[in-house]
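K.L.:
Sequence:
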Amino acid sequence: MPTRAEGNAGSGKTVCVTGAAGYIASWLVKLLLSRGYDVHGTVRHLGEEKTGHLRRLENASENLRLFQADLLDYDAMAAAIVGCQGVFHVATPVPSGILTDPEASKFHDSRTVDMHQFLLFTHTTNVFLSSTTMQLQMLGPAVTGTTNVLKAASAADAERVVVVSSMVAVEINPKDWPQGKIRDESCWSDKEFCRSNEAPTLTMPFCYAHYLQSWYPVAKIAAEAAALEYGRATGLRVVTLNPALVFAPLLQPTINTSSQFLIYFLKGGPDETRDKLWHIVDVRDVADALLLLYEAPEATGRHICAPHFITARELLGLLKNMYPGYPCIAEESIRDMDHPAPMTSGKLEKLGWSSRPLRETITDTVEFCREAGFLEDGDGDDTPCRFPPLLNKV
Numbered sequence: 001m002p003t004r005a006e007g008n009a010g011s012g013k014t015v016c017v018t019g020a021a022g023y024i025a026s027w028l029v030k031l032l033l034s035r036g037y038d039v040h041g042t043v044r045h046l047g048e049e050k051t052g053h054l055r056r057l058e059n060a061s062e063n064l065r066l067f068q069a070d071l072l073d074y075d076a077m078a079a080a081i082v083g084c085q086g087v088f089h090v091a092t093p094v095p096s097g098i099l100t101d102p103e104a105s106k107f108h109d110s111r112t113v114d115m116h117q118f119l120l121f122t123h124t125t126n127v128f129l130s131s132t133t134m135q136l137q138m139l140g141p142a143v144t145g146t147t148n149v150l151k152a153a154s155a156a157d158a159e160r161v162v163v164v165s166s167m168v169a170v171e172i173n174p175k176d177w178p179q180g181k182i183r184d185e186s187c188w189s190d191k192e193f194c195r196s197n198e199a200p201t202l203t204m205p206f207c208y209a210h211y212l213q214s215w216y217p218v219a220k221i222a223a224e225a226a227a228l229e230y231g232r233a234t235g236l237r238v239v240t241l242n243p244a245l246v247f248a249p250l251l252q253p254t255i256n257t258s259s260q261f262l263i264y265f266l267k268g269g270p271d272e273t274r275d276k277l278w279h280i281v282d283v284r285d286v287a288d289a290l291l292l293l294y295e296a297p298e299a300t301g302r303h304i305c306a307p308h309f310i311t312a313r314e315l316l317g318l319l320k321n322m323y324p325g326y327p328c329i330a331e332e333s334i335r336d337m338d339h340p341a342p343m344t345s346g347k348l349e350k351l352g353w354s355s356r357p358l359r360e361t362i363t364d365t366v367e368f369c370r371e372a373g374f375l376e377d378g379d380g381d382d383t384p385c386r387f388p389p390l391l392n393k394v
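Under the UniProt record's numbering, the residue at position 252 of the sequence shown is numbered 252, and the numbers go up by one with no gaps.
Take these hints with a grain of salt, some might be off.
Below 16 Å or equal to it, Euclidean Cα-Cα: the simulated EDC-like pairs (lysine to aspartate or glutamate) are [as the list claims (entries may be wrong)]: (1) Lys191 to Asp176; (2) Lys267 to Asp176; (3) Lys267 to Asp377; (4) Lys50 to Asp70; (5) Lys320 to Asp377; (6) Lys151 to Glu272; (7) Lys350 to Glu295; (8) Lys320 to Asp338; (9) Lys151 to Glu229.
In short, the hints are calculated from the structure, not lab data.
Using the sequences and the hints given, assemble the complete structure.
P.N.:
This is the structure:
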């Protein structure tokens with residue numbers, strides 16, 4: 001759906017997109033280039049495998065410049081942002097579970113380990129649960145990385161910074177929020193609840209990759225709060241976007257977490273899921289929303305981007321109806337749960353934003369996954385499809 005800006009509204013303007021090779025950022029770069037913007041994109045690796053899809057975008061050869069930069073390297077981020085009138089901070093750590101500590105790496109693979117063994121290891125080495133480790137692995141890239149981007153934007157005299165947060169900063173057990181009250185931008189997830197909910201116990205299997213991923217909500221809450229506070233303290237115009245679960249075709253070559261969610265529902269697998277009220281948005285509509293927040297002078301503060309909501313059971317029924325040829329997950333694998341009131345995107349819509357119908361988004365996503373081979377089983381591969389563990393934490 002188009003935003004208020006059409007044609008070459010960005011002609012003569014330069015903006016920076018962090019994490020440019022990612023799912024949301026790639027679509028944003030595509031949109032910006034189509035609107036005449038010169039784009040600086042930060043990526044962790046400049047190789048063709050990671051950035052080829054960006055270099056092949058229309059107008060990329062003339063108007064896209066890529067910078068190799070890590071969020072924790074201020075000088076590298078500043079070099080990418082200098083000369084930019086605006087910044088879109090899209091980069092975010094969605095961890096793979098790769099460890100930098102050689103001792104901790106003994107626990108790093110897809111299998112689970114005995115929790116007594118894990119707790120003994122943490123008590124004797126203090127590797128896993130120390131705040132220092134989590135700062136380095138998750139909170140560092142989220143909070144320190146965001147601060148680096150904001151400081152670099154201030155130094156470059158950028159007009160505005162648009163920060164991509166997440167629905168997880170809005171909807172997880174918000175304090176003093178009535179169950180039946182619509183959730184708007186004044187609603188914040190309870191960071192301490194999320195923090196306490198991440199600790200492993202003696203009764204649960206452990207996988208480091210899953211444990212690291214479980215800190216994602218804490219990191220997103222902290223990073224968004226830090227960004228808004230930085231704006232208040234310095235006068236830099238900072239606005240944030242809180243997208244829901246993002247579907248639609250991919251531009252990058254690797255599958256992302258939200259697409260894995262839909263693939264699991266279609267292919268089926270052994271995992272139990274919750275009958276959660278899922279909020280969904282099309283990635284192309286997210287890109288439109290980000291550009292709108294940059295171009296609309298009246299945009300301030302937080303903006304929820306979650307136009308559609310559907311329970312897991314309702315989604316299963318919809319997919320069975322649309323794609324009867326796929327096995328889909330079992331009805332009995334969906335665990336009942338209470339549903340709070342949904343989130344509202346009313347603030348964003350008042351700026352002129354609109355979204356595609358949910359059915360169109362699902363159709364486009366499934367067709368893309370089918371054509372890309374993501375819905376096929378490999379020859380001789382009997383490994384079951386699994387539900388993305390991160391999404392059991394949100």
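K.L.:
Now tell me, hint by hint, if it's right for this structure.
P.N.:
Here is how each hint holds up against the structure:
A hinted pair counts as satisfied when its Cα atoms are at most 16 Å apart, and Lys191 with Asp176 qualifies at roughly 13 Å. Between Lys267 and Asp176 the CA atoms are separated by roughly 39 Å; this puts the pair beyond 16 Å, and the hint is violated. The straight-line distance between the Cα atoms of Lys267 and Asp377 is roughly 9 Å, inside the 16 Å bound, and the hint therefore holds. Of the pairs offered as hints, the one joining Lys50 and Asp70 holds, with about 15 Å between alpha carbons and a cut-off of 16 Å not exceeded.
About 19 Å separates the Cα atoms of Lys320 and Asp377, which puts this hinted pair outside 16 Å; it is violated. For the suggested pair Lys151 and Glu272, the alpha carbons sit about 43 Å apart, so the restraint of at most 16 Å is broken. Taking the CA atoms of Lys350 and Glu295, the gap is about 14 Å. The hint holds against a cut of 16 Å. Note on Lys320 and Asp338: the hinted pairing is violated, with a Cα-Cα distance of about 23 Å set against a maximum of 16 Å.
Distance hint between Lys151 and Glu229 is fulfilled; the C-alpha atoms sit about 13 Å from each other, no more than 16 Å.
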